Structures are given as structure tokens and as C-alpha cells.
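Numbering (this note's numbering), first residue to last: 2 to 196.
Because the hints were derived from the structure by calculation, they are not lab data.
Certain hints may be false.
Only pairs whose alpha carbons sit at most 25 Å apart, straight line, appear in this in silico DSS-like list of lysine-lysine [unchecked claim]: (1) Lys153 <-> Lys72; (2) Lys156 <-> Lys140; (3) Lys91 <-> Lys140; (4) Lys62 <-> Lys79; (5) Lys140 <-> Lys72; (6) Lys91 <-> Lys153; (7) Lys86 <-> Lys100; (8) Lys28 <-> Lys79; (9) Lys100 <-> Lys79; (10) Lys62 <-> Lys86; (11) Lys62 <-> Lys28; (12) Lys28 <-> Lys84; (13) Lys100 <-> Lys153; (14) Lys79 <-> Lys156; (15) Lys43 <-> Lys79; (16) Lys117 <-> Lys153; (17) Lys156 <-> Lys84; (18) Lys100 <-> Lys117; (19) Lys91 <-> Lys72; (20) Lys43 <-> Lys72.
Derived DEER-like restraints, expressed as beta-carbon distance ranges [unchecked claim]: (21) Ile47 <-> Gln97: 19 to 27 Å; (22) Ile158 <-> Glu96: 29 to 37 Å; (23) Asn122 <-> Lys28: 35 to 43 Å; (24) Cys36 <-> Lys117: 32 to 40 Å; (25) Ala59 <-> Ile8: 32 to 40 Å.
Small disclaimer: the values here were computed from a predicted structure and weren't measured.
We treat Cβ as the ideally placed atom computed from N, Cα and C, and that holds for glycine.
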Amino acid sequence: MEEENDILSDLGSLPADPPKMRSLCVKCERPSAVCWCEALPKVPLIPRSTVVVLQHPAEEKRCLRTAPMLKLGLQEGKCLIFKGKKFPGKNEQLEQILKAPNTILLYPSSDAIDIKEIDRNELSAFNIVVLDGTWPQAKAIYTSNIILHNIKQVKLITSNVSNYTIRTQPTDGCLSTLETAAEALTTEWCSLTSK
2 MEEENDILSD
12 LGSLPADPPK
22 MRSLCVKCER
32 PSAVCWCEAL
42 PKVPLIPRST
52 VVVLQHPAEE
62 KRCLRTAPML
72 KLGLQEGKCL
82 IFKGKKFPGK
92 NEQLEQILKA
102 PNTILLYPSS
112 DAIDIKEIDR
122 NELSAFNIVV
132 LDGTWPQAKA
142 IYTSNIILHN
152 IKQVKLITSN
162 VSNYTIRTQP
172 TDGCLSTLET
182 AAEALTTEWC
192 SLTSK
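Based on the sequences and whatever the hints tell you, model everything.
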């Protein structure tokens with residue numbers, strides 16, 4: 002009985018106010034102590050193409066995701082992020098993008114060609130669709146969304162090792178969403194320019 006009274010007494014002495022939260026960066030929304038805004042370009046990059054990220058819902062909850070870095074590093078409107086498992090869903094804007102003739106899907110399917118083989122004279126700018134999630138999540142998004150199978154598919158042929166060491170990649174040449182988009186944007190048919 003005395004032990005129960007001690008426990009209740011301890012609980013009664015807890016402050017009623019919620020604990021003070023860590024300060025967050027207003028730009029990247031990360032805790033100020035681990036803000037990565039200093040690593041962003043001073044002036045957002047302006048690619049000719051637009052990166053369209055189809056993000057698995059579980060990816061949004063991870064604290065060390067790279068899609069927000071990509072969005073903040075590019076000019077507004079040059080990185081669009083759509084969240085979900087089924088695409089386009091009821092999103093008319095996304096449906097138009099996925100059906101556009103200048104849309105390509107960056108995914109290593111058996112039908113994918115090397116991104117460097119795209120005819121640069123065909124179009125001046127592309128919508129580059131990237132699947133964001135773990136490899137099994139990306140595969141599930143691809144498999145369950147037939148609309149993605151109808152898009153011209155391209156892959157990166159690279160032996161680069163990911164610099165995103167926070168998460169392990171299944172093999173060399175597997176990159177984070179940010180690194181994948183950056184590789185795609187820096188191919189010679191889609192050069193980056195600054196404002």
C-alpha cells in the first residue's frame with residue numbers, strides 16, 4: 002500500500018504541461034540540430050525536365066527521407082511529390098502527367114532501356130517518374146499500378162556507390178531517390194542550369 006502511495010505521489014508531481022519540443026527548421030522541417038539546409042544549393046537548380054516522385058506512404062514517415070531534399074534543391078514546380086500506393090487515384094493532374102508522351106519512368110524493369118539511349122531530339126523536356134520507398138515498396142507500387150507499365154521505361158546504368166549511407170542499398174548501383182533523380186537530371190539530354 003505504501004509503495005502504491007509513493008507511485009501515485011510521483012505521478013502527481015509530474016508537470017501538467019507537455020514537454021518542450023525541439024526547435025524545427027522552417028525550411029526542411031527537421032530538428033535544428035540536424036538541419037541539412039546548408040547542403041542545399043544557394044539558388045535552386047532549374048532543370049528542363051520535371052521530377053515526379055510517387056512516394057509510398059511509409060516513406061513519408063521516415064525521418065531521413067531524401068525526396069524533400071530533392072524538392073527543396075530544385076526550382077518550385079520542378080519536383081512534384083504524390084503520396085500513396087495506387088496511382089493516379091483521383092488526381093487528374095497526375096493522370097495527365099502519367100499519360101503525357103514526354104513522361105518516362107525511371108525503373109529497372111526488363112523492358113527498361115538505358116536512360117542515355119533516349120533520343121534527345123525527340124523532346125526538349127521530360128517528366129521523370131521516380132518511385133520512392135524501399136526496394137520492395139517500389140516494386141509493389143510498380144506491380145500494382147498498370148498505368149506505370151504503359152510509360153516508356155528507362156534505367157540508370159551506373160556502378161556508382163550510394164553516398165546515402167544511412168540506409169544500406171541491396172547492391173552497388175542502387176541509389177537513394179535523391180541520387181537517382183540527380184543522376185537522371187545530369188545525363189547530357191537533361192542538363193541542369195542555374196538561374
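Hint-by-hint comparison with the structure:
no.	hint	verdict
1	Lys153 <-> Lys72	holds, 23 Å
2	Lys156 <-> Lys140	holds, 14 Å
3	Lys91 <-> Lys140	holds, 22 Å
4	Lys62 <-> Lys79	holds, 23 Å
5	Lys140 <-> Lys72	holds, 23 Å
6	Lys91 <-> Lys153	holds, 22 Å
7	Lys86 <-> Lys100	holds, 18 Å
8	Lys28 <-> Lys79	holds, 17 Å
9	Lys100 <-> Lys79	holds, 18 Å
10	Lys62 <-> Lys86	holds, 14 Å
11	Lys62 <-> Lys28	holds, 17 Å
12	Lys28 <-> Lys84	holds, 20 Å
13	Lys100 <-> Lys153	holds, 10 Å
14	Lys79 <-> Lys156	holds, 20 Å
15	Lys43 <-> Lys79	holds, 16 Å
16	Lys117 <-> Lys153	holds, 13 Å
17	Lys156 <-> Lys84	holds, 22 Å
18	Lys100 <-> Lys117	holds, 22 Å
19	Lys91 <-> Lys72	holds, 23 Å
20	Lys43 <-> Lys72	holds, 14 Å
21	Ile47 <-> Gln97: 19 to 27 Å	holds, 22 Å
22	Ile158 <-> Glu96: 29 to 37 Å	holds, 30 Å
23	Asn122 <-> Lys28: 35 to 43 Å	holds, 38 Å
24	Cys36 <-> Lys117: 32 to 40 Å	holds, 35 Å
25	Ala59 <-> Ile8: 32 to 40 Å	holds, 38 Å
When each numbered hint is compared with the structure, no violation occurs for any of them.
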